[in-house]
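Using the sequences and the hints given, assemble the complete structure.
Chains as they are written, first to last, in my numbering: chain A, 17 to 507; chain B, 17 to 507.
Any given hint might turn out to be false.
Any copy, or any two copies together, can satisfy a pair, since identical chains are not distinguished.
Unchecked claim - Listed below are the simulated DSS-like cross-link pairs for lysine-lysine, each with C-alpha atoms no more than 25 Å apart in a straight line:
#1 K345 <-> K77
#2 K325 <-> K349
#3 K378 <-> K406
#4 K399 <-> K378
#5 K273 <-> K325
#6 K158 <-> K349
#7 K276 <-> K33
#8 K343 <-> K278
#9 K343 <-> K85
#10 K406 <-> K84
#11 K478 <-> K394
#12 K334 <-> K84
Hints are computed from structural coordinates only; laboratory data are not their basis.
Number of protein chains: 2
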Amino acid sequence: MAKKKKEVPIVGITVSKEDDFSGWYSELINKAELADIRYNVKGFIVYREWATITIRRMYKKYEDLLEKKGHLPLTMPSLIPESNFLLEADHVEGFAPEVFWVTEAGSSGHLSERLALRPTSETALYQMYSLWIRSYNDLPFKRYLSCQVWRYEGKATRPFFRGREFHWIESHNVFATMEEAMEQVKEDMETTYQMLQEECCIPIIFFQRPEWDKFAGAVHTYAADALMGSGKVLQLPSTHLLGQNFAKPFNVKFIDKDGKEKYGYQTCYGPAQSRNYGAMIAFLGDDKGLVLPFDLAPIQIIIIPIIFKGKEQLVLEKAKEIYNIFKEKYTVKVDESDESVGNKFYLWELKGVPIRIEVGPKDIENQQVVVVRRYDGKKFNIKEQDLEKKVDNIVENYTKEIKERSLIDFESQIECVYEKDAAVEAINNGKIVCCGFCSIDMDAYHCAEVVEKEIGGEVRGKRVNEEKNEFATCLICGKPAECTVYIAKSY
Amino acid sequence: MAKKKKEVPIVGITVSKEDDFSGWYSELINKAELADIRYNVKGFIVYREWATITIRRMYKKYEDLLEKKGHLPLTMPSLIPESNFLLEADHVEGFAPEVFWVTEAGSSGHLSERLALRPTSETALYQMYSLWIRSYNDLPFKRYLSCQVWRYEGKATRPFFRGREFHWIESHNVFATMEEAMEQVKEDMETTYQMLQEECCIPIIFFQRPEWDKFAGAVHTYAADALMGSGKVLQLPSTHLLGQNFAKPFNVKFIDKDGKEKYGYQTCYGPAQSRNYGAMIAFLGDDKGLVLPFDLAPIQIIIIPIIFKGKEQLVLEKAKEIYNIFKEKYTVKVDESDESVGNKFYLWELKGVPIRIEVGPKDIENQQVVVVRRYDGKKFNIKEQDLEKKVDNIVENYTKEIKERSLIDFESQIECVYEKDAAVEAINNGKIVCCGFCSIDMDAYHCAEVVEKEIGGEVRGKRVNEEKNEFATCLICGKPAECTVYIAKSY
Numbered sequence: 017m018a019k020k021k022k023e024v025p026i027v028g029i030t031v032s033k034e035d036d037f038s039g040w041y042s043e044l045i046n047k048a049e050l051a052d053i054r055y056n057v058k059g060f061i062v063y064r065e066w067a068t069i070t071i072r073r074m075y076k077k078y079e080d081l082l083e084k085k086g087h088l089p090l091t092m093p094s095l096i097p098e099s100n101f102l103l104e105a106d107h108v109e110g111f112a113p114e115v116f117w118v119t120e121a122g123s124s125g126h127l128s129e130r131l132a133l134r135p136t137s138e139t140a141l142y143q144m145y146s147l148w149i150r151s152y153n154d155l156p157f158k159r160y161l162s163c164q165v166w167r168y169e170g171k172a173t174r175p176f177f178r179g180r181e182f183h184w185i186e187s188h189n190v191f192a193t194m195e196e197a198m199e200q201v202k203e204d205m206e207t208t209y210q211m212l213q214e215e216c217c218i219p220i221i222f223f224q225r226p227e228w229d230k231f232a233g234a235v236h237t238y239a240a241d242a243l244m245g246s247g248k249v250l251q252l253p254s255t256h257l258l259g260q261n262f263a264k265p266f267n268v269k270f271i272d273k274d275g276k277e278k279y280g281y282q283t284c285y286g287p288a289q290s291r292n293y294g295a296m297i298a299f300l301g302d303d304k305g306l307v308l309p310f311d312l313a314p315i316q317i318i319i320i321p322i323i324f325k326g327k328e329q330l331v332l333e334k335a336k337e338i339y340n341i342f343k344e345k346y347t348v349k350v351d352e353s354d355e356s357v358g359n360k361f362y363l364w365e366l367k368g369v370p371i372r373i374e375v376g377p378k379d380i381e382n383q384q385v386v387v388v389r390r391y392d393g394k395k396f397n398i399k400e401q402d403l404e405k406k407v408d409n410i411v412e413n414y415t416k417e418i419k420e421r422s423l424i425d426f427e428s429q430i431e432c433v434y435e436k437d438a439a440v441e442a443i444n445n446g447k448i449v450c451c452g453f454c455s456i457d458m459d460a461y462h463c464a465e466v467v468e469k470e471i472g473g474e475v476r477g478k479r480v481n482e483e484k485n486e487f488a489t490c491l492i493c494g495k496p497a498e499c500t501v502y503i504a505k506s507y
Numbered sequence: 017m018a019k020k021k022k023e024v025p026i027v028g029i030t031v032s033k034e035d036d037f038s039g040w041y042s043e044l045i046n047k048a049e050l051a052d053i054r055y056n057v058k059g060f061i062v063y064r065e066w067a068t069i070t071i072r073r074m075y076k077k078y079e080d081l082l083e084k085k086g087h088l089p090l091t092m093p094s095l096i097p098e099s100n101f102l103l104e105a106d107h108v109e110g111f112a113p114e115v116f117w118v119t120e121a122g123s124s125g126h127l128s129e130r131l132a133l134r135p136t137s138e139t140a141l142y143q144m145y146s147l148w149i150r151s152y153n154d155l156p157f158k159r160y161l162s163c164q165v166w167r168y169e170g171k172a173t174r175p176f177f178r179g180r181e182f183h184w185i186e187s188h189n190v191f192a193t194m195e196e197a198m199e200q201v202k203e204d205m206e207t208t209y210q211m212l213q214e215e216c217c218i219p220i221i222f223f224q225r226p227e228w229d230k231f232a233g234a235v236h237t238y239a240a241d242a243l244m245g246s247g248k249v250l251q252l253p254s255t256h257l258l259g260q261n262f263a264k265p266f267n268v269k270f271i272d273k274d275g276k277e278k279y280g281y282q283t284c285y286g287p288a289q290s291r292n293y294g295a296m297i298a299f300l301g302d303d304k305g306l307v308l309p310f311d312l313a314p315i316q317i318i319i320i321p322i323i324f325k326g327k328e329q330l331v332l333e334k335a336k337e338i339y340n341i342f343k344e345k346y347t348v349k350v351d352e353s354d355e356s357v358g359n360k361f362y363l364w365e366l367k368g369v370p371i372r373i374e375v376g377p378k379d380i381e382n383q384q385v386v387v388v389r390r391y392d393g394k395k396f397n398i399k400e401q402d403l404e405k406k407v408d409n410i411v412e413n414y415t416k417e418i419k420e421r422s423l424i425d426f427e428s429q430i431e432c433v434y435e436k437d438a439a440v441e442a443i444n445n446g447k448i449v450c451c452g453f454c455s456i457d458m459d460a461y462h463c464a465e466v467v468e469k470e471i472g473g474e475v476r477g478k479r480v481n482e483e484k485n486e487f488a489t490c491l492i493c494g495k496p497a498e499c500t501v502y503i504a505k506s507y
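Rendered as structure tokens:
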């Protein structure tokens with residue numbers, strides 16, 4: 017099909033990520049066509065094709081992993097009656113300011129009860145659990161939902177990071193004992209490491225969140241903070257030990273082996289969120305655009321024919337030949353558009369296609385092609401006969417190499433401090449502060465407020481894996497330190 | 017793990033499908049644990065694990081097929097401002113009685129504009145198309161959404177068939193000419209045949225719907241009616257030629273090759289719905305429970321160890337051995353629960369598991385196993401050494417054989433009639449009536465009303481594939497017949 021040559025050249029990102037992260041991210045979203053913020057409801061955005069494909073692949077990996085670990089999928093209604101909400105006091109208090117309410121329907125006008133667009137599914141699901149779970153034979157009861165939730169967020173919308181509607185996976189589980197529930201929390205943390213660090217190449221640390229920062233209705237909350245490389249952290253998936261806090265009001269009971277009726281112990285976990293995608297592209301991207309793990313790239317190999325007058329046929333045939341070598345194994349595309357070669361390079365770098373294969377008349381003459389690796393721009397001149405093997409080899413190592421390059425040495429980002437002034441300085445230098453703290457119970461809330469006001473960071477909580485640093489006193493009030501906490505700025 | 021023997025035996029379906037379809041369907045839904053209607057918002061139901069797994073597989077097949085045909089996925093917000101709705105007059109008139117409205121949010125109270133929970137996405141999406149589509153280079157523009165929609169339905173809820181929230185796929189496309197748009201409609205009909213007839217074994221006919229029964233805002237609607245075997249039909253996916261009806265109010269324009277700005281021609285298509293699942297289980301199921309196409313069964317092979325005292329170890333080891341033969345190729349499970357063998361048979365037949373393998377001490381002695389095929393209950397005694405080959409063979413033919421058995425001879429269900437009385441009799445005998453009709457334009461609406469009142473069926477429209485029957489006059493008014501139509505009762 018004859019196409020008109022486009023006049024306007026495609027221009028890459030004009031802002032440096034290091035100088036202006038926010039400006040860089042906005043340009044990335046816009047120029048790589050990942051999201052459109054022009055949808056005419058405040059806080060709601062459109063996820064475009066390129067982002068949707070990758071996010072779906074991420075979710076599919078999560079779903080497969082959850083199913084491998086014994087969770088089964090369910091589909092729940094999106095609307096929750098207001099009366100369900102009122103059953104768990106902390107929960108309603110935590111979520112009430114964020115709920116969208118359906119109050120009218122059809123021509124008949126007002127509904128008799130307000131219906132919440134689910135901000136999370138506990139209060140919809142647990143009444144069903146109460147009907148389904150009968151005896152210890154039904155336990156452990158491990159389920160998950162792949163759905164979207166709505167929250168009337170006050171903070172500014174940022175595509176994939178924060179909005180009023182987002183897609184996630186939530187897993188909800190019931191056990192016979194608190195110990196088994198806690199084991200599930202640990203399994204969830206392993207799942208998170210597997211998915212975020214191994215599949216998405218995002219470095220994380222798990223913290224037990226302070227009492228004042230836990231999920232509304234939970235006994236404890238364990239949340240993954242991603243280290244964004246600038247000393248700032250970003251909250252990613254969290255898993256919650258609910259104990260019997262919901263089982264009691266929602267009547268989730270089972271007949272135990274001893275014949276007695278008991279309340280179950282519950283956990284819930286929000287492993288996948290569009291925010292994971294945001295974190296991944298923000299963390300891995302560079303000044304040319306997206307960098308994506310190989311599996312998650314919508315197009316994995318782009319073939320660029322370098323056309324010279326009179327050689328069109330020859331070059332396109334060779335491009336097609338190369339396409340045929342890889343089409344069964346990878347997602348491959350030949351860019352036959354009539355953009356300039358330079359613009360094609362820019363475009364597919366912007367889109368984060370992991371491998372570019374260039375083929376022109378001279379290459380054909382020399383029986384070779386040029387292969388360029390996106391994440392580091394390295395060029396390989398490869399003999400045609402070796403092409404398949406060499407490309408397979410680049411593919412095999414691609415994600416591993418990104419990961420090695422990107423995983424920050426956590427410990428080097430952390431600075432132990434003993435005085436408030438030192439904490440302020442460390443935070444200003446882009447460090448994560450490690451210090452003694454009176455506790456992470458509600459008693460310590462006033463110390464946490466001082467941290468926020470005077471140090472300019474937030475108490476992220478107690479580290480879940482082994483803590484090597486001990487402190488005698490609380491950084492703020494000077495009382496004996498019950499624990500070691502981490503303080504950081506957050507996105 | 018030692019489990020307490022359950023006391024209550026599992027009982028199969030107690031109602032015959034032929035005698036009482038409705039009672040049979042309700043028992044199937046309930047006993048096979050496919051849906052739970054006890055969710056406490058009217059019209060909203062929970063899809064349980066077994067149904068969710070199959071529906072997801074159906075959707076994945078649809079998504080793959082749509083992508084193969086050049087559609088890309090998008091993710092759209094669920095909420096649509098009321099002002100968008102008002103832009104296409106027919107559309108708003110058609111959907112207004114069915115819309116759920118969000119009017120309040122958080123503690124701040126009333127929103128400045130009512131937001132509709134999307135009943136379909138045209139009015140959300142096309143304003144974006146107007147921003148994205150620039151020139152003929154962007155066309156054809158083929159996209160799809162996998163999402164849920166909400167409709168404040170007045171009719172009674174029936175799980176998977178009708179409810180106030182359902183999951184579907186909707187595809188929305190823009191072309192430079194009406195002809196190309198019409199080609200898309202034809203492609204959509206092929207996609208529907210492929211998915212419903214080939215993958216789900218549901219026989220369908222496509223009709224061009226009468227003017228009074230088309231999609232709100234469409235030029236023409238083409239809908240698949242499933243033949244449910246009782247003369248009744250059920251509307252399944254439909255595809256709509258929108259022409260420029262939405263392009264004009266939503267400003268979907270492109271610069272054509274001649275440099276002029278023109279409105280695009282649009283189509284939309286709702287290929288996958290939870291109703292497809294309902295139709296499939298209703299059509300294929302029998303008095304023992306579900307019958308499922310092989311690919312769509314959550315468990316494909318169930319292995320039942322026939323335990324005798326003292327032989328437990330031997331039998332379980334053999335069961336495991338058989339499991340290992342198939343675990344890579346199929347979804348296999350060994351039922352090690354302490355239900356009776358009879359109950360296990362009932363349960364997995366109810367759930368529609370395509371292949372049951374029974375292994376007991378005697379079989380082991382004879383180096384054979386018993387294999388039972390679900391759809392027809394046929395038993396095979398198979399020598400152990402032939403097991404893999406024979407089971408592979410059963411698997412390969414399973415769906416094909418269900419299809420051959422289930423696809424009704426369409427033509428034998430249809431009766432050509434020339435008088436109203438004959439039509440009434442044919443409808444009462446469970447036939448689909450074929451007859452002359454003045455037209456399917458709005459002028460003929462009064463004739464259609466007579467059909468509904470006096471014949472007890474509905475005019476389904478003109479058959480899309482070649483029409484062999486011609487009639488001189490309209491069955492109702494006796495005026496010259498412009499077309500041949502089909503009349504049937506519908507679910």
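Evaluated hints:
For the homomeric pair K345 and K77, the shortest alpha-carbon distances inside one copy (18 Å) and between copies (19 Å) are both at most 25 Å. Proximity of K325 and K349 under a CA criterion of 25 Å is satisfied intra-copy only: 22 Å inside one chain copy versus 62 Å between copies. Proximity of K378 to K406 under the C-alpha cut-off of 25 Å is restricted to the intra-copy arrangement: shortest distance 20 Å within a copy versus 55 Å between copies. Taking the closest pair of Cα atoms, K399 and K378 come within 25 Å of each other only inside a single copy of the chain (13 Å); across copies the shortest separation is 62 Å, beyond that limit.
In this assembly of identical chains, the alpha carbons of K273 and K325 lie at most 25 Å apart only when taken from different copies (24 Å versus 82 Å within one copy). When the C-alpha separation of K158 and K349 is checked against a cutoff of 25 Å, the pair qualifies only between copies, where the shortest distance is 18 Å, while the shortest distance within a copy is 41 Å. For the identical chains of this complex, K276 and K33 are neighbours neither inside a copy (60 Å) nor across copies (40 Å), given an alpha-carbon limit of 25 Å. For the homomeric pair K343 and K278, neither the shortest alpha-carbon distance inside one copy (56 Å) nor that between copies (37 Å) is at most 25 Å.
Taking the shortest Cα distances, K343 and K85 sit within 25 Å of each other only across copies (16 Å), while inside one copy they are farther apart (32 Å). Proximity of K406 to K84 under the C-alpha cut-off of 25 Å is found in neither arrangement, the shortest distances being 33 Å within a copy and 28 Å between copies. With identical chains, the CA atoms of K478 and K394 are never at most 25 Å apart, being 41 Å at best within one copy and 61 Å at best between copies. Taking the shortest alpha-carbon separations for K334 and K84, only the inter-copy value of 24 Å comes in at or below 25 Å, while the best intra-copy value is 43 Å.
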